[in-house]
Amino acid sequence: MAETNAEHGLDAHPSDDLAPLDAVIAERDEWKDRALRVAAEMENLKRRSETQQNDARAFAIQRFAKDLLGVADNLERALMAAPKDAEGATAGLVTGLELTQKALLQAFDANGLKRVAPQAGEAFNPHLHQAMMEQPSETVPGGSVIQTMQSGFELFGRTVRPAMVVVAAKGSGAQAPNPYGAAPAADGQAFDGKA
Numbered sequence: 001m002a003e004t005n006a007e008h009g010l011d012a013h014p015s016d017d018l019a020p021l022d023a024v025i026a027e028r029d030e031w032k033d034r035a036l037r038v039a040a041e042m043e044n045l046k047r048r049s050e051t052q053q054n055d056a057r058a059f060a061i062q063r064f065a066k067d068l069l070g071v072a073d074n075l076e077r078a079l080m081a082a083p084k085d086a087e088g089a090t091a092g093l094v095t096g097l098e099l100t101q102k103a104l105l106q107a108f109d110a111n112g113l114k115r116v117a118p119q120a121g122e123a124f125n126p127h128l129h130q131a132m133m134e135q136p137s138e139t140v141p142g143g144s145v146i147q148t149m150q151s152g153f154e155l156f157g158r159t160v161r162p163a164m165v166v167v168a169a170k171g172s173g174a175q176a177p178n179p180y181g182a183a184p185a186a187d188g189q190a191f192d193g194k195a
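With UniProt numbering, letter number 135 in the sequence shown gets 135, and the count goes up by one each step, no holes.
Simulated from the structure, these hints should not be mistaken for laboratory data.
One thing to keep in mind: the hints can contain errors.
[Claimed, not checked] Here are the simulated lysine-lysine pairs, BS3-like style, with alpha carbons at most 27 Å apart: (1) K66 - K46; (2) K46 - K84; (3) K102 - K84; (4) K66 - K32; (5) K102 - K114.
[As the list claims (entries may be wrong)] Quick list of the computed label-pair ranges, beta carbon to beta carbon: (6) R48 - D17: 43 to 53 Å; (7) A56 - I25: 28 to 38 Å; (8) M149 - E87: 49 to 59 Å; (9) A60 - T95: 52 to 62 Å; (10) R48 - V71: 33 to 43 Å; (11) A89 - A60: 36 to 46 Å; (12) F156 - A123: 19 to 29 Å; (13) E50 - L99: 50 to 60 Å; (14) M149 - A35: 16 to 26 Å; (15) K46 - D17: 41 to 51 Å; (16) R115 - G171: 29 to 39 Å; (17) G121 - E87: 36 to 46 Å; (18) M42 - A78: 51 to 61 Å; (19) V38 - G96: 56 to 66 Å.
For every residue, glycine included, the Cβ atom is placed at its ideal position computed from N, Cα and C.
Turn these sequences into a full structure, and let the hints steer you where they fit.
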């Protein structure tokens with residue numbers, strides 16, 4: 001019986017028989033861990049390269065888009081100067097200009113170039129707007145856009161050209177308090193109650 005057990009390995013100490021198996025399992029786990037790390041690194045590399053390619057594409061067309069903005073501005077100026085009650089050939093020319101401007105703006109939109117034209121009352125955003133002047137306003141609060149002088153454009157979240165805007169001065173708005181605490185006196189002069 002001992003001889004049969006020895007042939008089948010039943011008499012041997014169990015920890016001696018499992019040592020080679022444990023080594024193989026440990027080696028398998030190590031290779032599995034390496035494979036998972038390489039797969040994760042390759043996925044990260046793929047994501048990084050896609051991001052870099054998208055940034056490179058956006059930067060490459062940014063200069064071209066900036067050059068075309070001058071064309072869009074000239075078309076807009078031509079349409080503003082065109083007679084509104086034109087007849088005959090002049091009406092055809094105005095219609096042609098309008099259709100050309102529409103096609104150009106559609107091409108901008110299709111390629112990710114978005115128009116930035118803030119409305120009166122929108123908050124001033126220094127990343128998208130360029131303040132050309134500041135003036136007091138009774139209708140909008142301070143730090144808000146009063147008027148857009150020239151539209152801006154952004155391409156894939158990057159500002160190609162900021163919108164040129166007029167900004168309401170600090171303390172503007174319908175309920176703007178007098179910053180000096182002055183109250184009108186009975187004789188028409190200002191009386192400073194804090195002095």
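Results for each hint:
1. K66 - K46: Not satisfied, since the Cα-Cα distance of roughly 30 Å exceeds 27 Å.
2. K46 - K84: Not OK: K46 and K84 at ~55 Å, beyond 27 Å, violated.
3. K102 - K84: Satisfied, since the Cα-Cα distance of roughly 17 Å is no more than 27 Å.
4. K66 - K32: Violated - the C-alpha atoms of K32 and K66 are around 51 Å apart, more than 27 Å.
5. K102 - K114: 14 Å, holds
6. R48 - D17: 43 to 53 Å: 48 Å, holds
7. A56 - I25: 28 to 38 Å: Between A56 and I25, where Cβ atoms are some 46 Å apart, the hint is violated.
8. M149 - E87: 49 to 59 Å: Check failed, 32 Å falls outside 49 to 59 Å.
9. A60 - T95: 52 to 62 Å: 34 Å, violated
10. R48 - V71: 33 to 43 Å: Holds: the Cβ-Cβ distance is about 36 Å, inside 33 to 43 Å.
11. A89 - A60: 36 to 46 Å: 41 Å, holds
12. F156 - A123: 19 to 29 Å: Given about 23 Å between the Cβ atoms, the range holds.
13. E50 - L99: 50 to 60 Å: Since the Cβ atoms of E50 and L99 sit about 37 Å apart, the hinted range of 50 to 60 Å is violated.
14. M149 - A35: 16 to 26 Å: 60 Å, violated
15. K46 - D17: 41 to 51 Å: Between K46 and D17, where Cβ atoms are some 45 Å apart, the hint holds.
16. R115 - G171: 29 to 39 Å: 31 Å, holds
17. G121 - E87: 36 to 46 Å: 39 Å Cβ-Cβ, so the 36 to 46 Å window holds.
18. M42 - A78: 51 to 61 Å: 53 Å, holds
19. V38 - G96: 56 to 66 Å: 60 Å, holds
The structure does not agree with the numbered hints 1, 2, 4, 7, 8, 9, 13, 14 stated previously, though it agrees with the rest.
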